[in-house]
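Trainee: The listed protein sequences correspond, in order, to chains A and B. First residue of the first sequence? That's 1 in full-length UniProt numbering, and the numbers climb one at a time after it. First residue of the second sequence? That's 1 in full-length UniProt numbering, and the numbers climb one at a time after it.
Since the hints were made in silico from the structure, they are not lab data. Watch out, some of these pointers could steer you wrong.
Each computed BS3-like pair below joins lysine-lysine, with the alpha-carbon atoms no more than 27 Å apart [to be verified]: (1) K177(A) <-> K7(B); (2) K94(B) <-> K33(A); (3) K83(B) <-> K71(B); (4) K94(B) <-> K83(B); (5) K33(B) <-> K7(B); (6) K57(A) <-> K94(B); (7) K83(B) <-> K33(A); (8) K57(A) <-> K94(A); (9) K94(B) <-> K33(B); (10) K57(A) <-> K71(B); (11) K94(B) <-> K177(A); (12) K57(A) <-> K57(B); (13) K57(A) <-> K33(A); (14) K177(B) <-> K55(A); (15) K177(B) <-> K177(A); (16) K24(B) <-> K33(A); (17) K144(A) <-> K77(A); (18) K151(B) <-> K94(A).
Listed next, the stretches of chain A that the computed footprint assigns to chain B, with coverage defined by at least 3 CB atoms under 8 Å from CB atoms of chain B [as the list claims (entries may be wrong)]: (19) 67-81; (20) 163-174.
Glycine is no exception: its CB is placed at the ideal position from the N, C-alpha and C atoms.
Protein chains: 2
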Amino acid sequence: MGIAERKERVREEMKQMITTAAMKMFLEEGYAKTSIRNIADSIEYSPGTIYLYYKDKDELLYEVQRQAYGKLLEAFKAGAVSKDPLERLEQLGKLYVAFGLDNPELYDLMFIIRAPMNVDEKLHQSNGGDTFAFLVQCLEECMKGNLLIFKDIQLAALQIWSMVHGLVSLNLRCRLKIMVPVDEDIRFTLFRAVEEYLEAIRA
Amino acid sequence: MGIAERKERVREEMKQMITTAAMKMFLEEGYAKTSIRNIADSIEYSPGTIYLYYKDKDELLYEVQRQAYGKLLEAFKAGAVSKDPLERLEQLGKLYVAFGLDNPELYDLMFIIRAPMNVDEKLHQSNGGDTFAFLVQCLEECMKGNLLIFKDIQLAALQIWSMVHGLVSLNLRCRLKIMVPVDEDIRFTLFRAVEEYLEAIRA
DNA sequence: AAATATAATGAACGGTGTTCAGTAAATGCA
DNA sequence: TGCATTTACTGAACACCGTTCATTATATTT
C-alpha cells in the first residue's frame with residue numbers, strides 16, 4: 001500500500017517547502033515583517049494552505065528554530081575538534097560567538113525573539129537539546145580533569161552559556177556601542193572577552 | 001505670558017498620561033499585544049491623538065525604556081551601598097539579576113525587544129547611559145585597587161554586563177529549563193552564578 | 001464678536017493572523 | 001469503467017493592527 005507513504009512524503013515535501021521559504025524570508029526581512037501571505041505568495045499557494053501544514057505562525061518559527069539549532073550543532077562538530085578539552089571549550093565559545101555575529105537574524109530567531117502569538121513557552125525544552133548536550137559533554141571532560149574552578153557542572157554550563165549569549169545578544173541589540181570603541185573590531189573584542197573569561201575560570 | 005507655559009505644562013501632562021498608560025499596558029500585556037487603540041481607549045482619547053504627542057509606537061517604547069533605565073539606576077543607588085568596591089560590585093550584579101527576575105516584562109522592554117517598526121537602532125546610545133556609568137564607576141574603583149584580574153576597563157564592563165544579562169535573558173526566554181533542576185530556586189541559582197563569577201575574576 | 005490658531009476626532013488605507021464555506025482533484029469502491 | 005467519498009486547496013471574510021488626514025470642536029487673539 002504505497003499510496004499512504006507517497007502522500008506522507010508529499011506532505012513532508014510541502015512542509016519543507018514552506019519552512020524553507022519561511023527561513024529565507026525570516027532571515028532576509030525578519031520574523032515580524034514576514035507575513036503568512038508573503039510566504040504563501042513566494043511558494044505560490046494561498047494563505048490558507050499554510051495552515052493545513054502548520055498550526056500557526058509560531059509553529060513555523062519553532063520549526064525554523066529546530067533547523068537553526070541543527071546548524072549551530074554542525075558548526076560545533078566541524079570546528080570544536082581539539083583533543084584538549086580546555087582548548088575545545090575555547091573553540092566552542094568562539095564558534096558560538098562567531099555564529100551569532102555571522103548569522104544575527106538567525107540568532108535572533110533562536111534565542112531572542114519571543115513568538116508573540118501564543119505565549120506558550122513549552123516547546124523550548126526539546127528544541128536545541130542536542131546542541132546544548134555538546135557543550136555539557138565538553139564541560140564534563142574539563143571538569144573530570146579538574147581543569148576548571150567549577151564544582152557543579154550545571155552551574156558551570158549556565159555561567160558559560162550566559163557569558164557567550166550575553167556577549168552576542170547585547171551586541172545584536174546595539175548595547176555595546178556604549179562601551180566598545182566604535183573603531184574596534186567587534187569580533188576581535190568579543191573573542192578577547194571569551195579568552196579572558198576562560199582564563200579566569202581555569203583551575 | 002503664562003499661557004505658553006501652561007500649554008507646555010498641559011502638553012507634558014498629556015505626554016505623561018500616555019506613557020503611564022503605555023507602561024502599564026506594556027507590562028501587563030506585553031509590547032506586541034498593546035495597541036495604540038488600546039492605549040487610546042484606556043486614557044479615553046482617540047487613537048489619532050496619541051500621534052500628536054509621539055511620532056510612532058516605537059517612540060513610545062523609547063520613552064518607557066528611558067523611565068525603566070531610571071528605575072534600574074534607582075535600584076542601584078539604593079542597594080549598592082557597600083564601601084568596599086568589590087562587595088559593591090557583587091551588590092550591583094545581584095541587584096541587576098534581581099531586577100530582571102522581579103520585572104521580567106520591563107527587562108524585556110529595556111534590553112530584549114526589538115522595536116519592529118523602524119529598524120533604527122540609534123536611540124540606544126543615549127538611553128541608559130547614566131545607569132551604565134554607575135557600573136563603570138564601581139569597576140574603576142575595583143581596578144584602581146587592583147582587585148580584579150582585568151587590564152582593560154571597557155572589556156571588564158563588557159564581560160560583567162554580558163554575564164548578568166545572559167543569566168537574566170536566558171531565564172526570561174526559558175532557556176535555563178534545560179540545565180537548571182526545576183525544583184531549584186532560580187534566584188538562588190543565578191545569585192550563586194554571580195558569586196562564583198566574581199570569585200573567578202578576583203585578582 | 002469675529003477671525004485665527006490649536007487640539008482632537010474618527011473614518012479610511014493598507015496591512016496583519018486566522019478561519020471556513022466552497023471548489024477542485026485524487027482515491028476507494030462497485 | 002463510473003460514481004461516491006475523501007483529501008487538498010482556495011480566497012473571501014473577520015477582527016484586528018499602525019498610521020494618516022480632512023473635518024470638527026475648542027481656545028486664544030484681535
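Trainee: Check the hint pairing K33(B) with K7(B) against an upper bound of 27 Å on the C-alpha distance.
Mentor: violated, 32 Å
Trainee: Would the pair K24(B) and K33(A) pass a check requiring their Cα atoms to be no farther apart than 27 Å?
Mentor: With a Cα-Cα distance of about 26 Å, the restraint between K24(B) and K33(A) holds, given a limit of 27 Å.
Trainee: Using C-beta distances, would you say chain B covers the stretch 67-81 of chain A, given that this needs three or more residues below 8 Å?
Mentor: Answer violated; 0 residues pass the 8 Å Cβ test.
Trainee: Given the hinted pair K177(A) and K7(B), is their Cα-Cα distance within 27 Å?
Mentor: Between K177(A) and K7(B) the Cα gap is close to 37 Å, so the pair fails against 27 Å, i.e. violated.
Trainee: For a C-alpha distance cap of 27 Å, please report whether K83(B) and K33(A) respect it.
Mentor: With a Cα-Cα distance of about 49 Å, the restraint between K83(B) and K33(A) is violated, given a limit of 27 Å.
Trainee: Hey, K83(B) versus K71(B), does the alpha-carbon distance stay inside 27 Å?
Mentor: holds, 22 Å
Trainee: Take a quick look at whether K151(B) and K94(A) sit within 27 Å of each other, Cα to Cα.
Mentor: Since the Cα atoms of K151(B) and K94(A) sit roughly 21 Å apart, the hinted pair holds (cutoff 27 Å).
Trainee: Within a Cα-Cα threshold of 27 Å, do K57(A) and K33(A) meet the stated pairing?
Mentor: Satisfied, since the Cα-Cα distance of roughly 12 Å is no more than 27 Å.
Trainee: Counting residues of the stretch 163-174 of chain A that have a beta-carbon nearer than 8 Å to any beta-carbon of chain B, does the count reach 3?
Mentor: holds (count 9)
Trainee: Are the Cα atoms of K94(B) and K83(B) separated by 27 Å or less?
Mentor: holds, 16 Å
Trainee: Take a quick look at whether K94(B) and K33(A) sit within 27 Å of each other, Cα to Cα.
Mentor: violated, 37 Å
Trainee: Against the 27 Å threshold, does the CA-CA distance of K177(B) and K55(A) hold or violate the hint?
Mentor: Holds, at roughly 25 Å.
Checked against the numbered hints above, the structure violates hints 1, 2, 5, 6, 7, 8, 9, 10, 15, 19; every other hint is satisfied.
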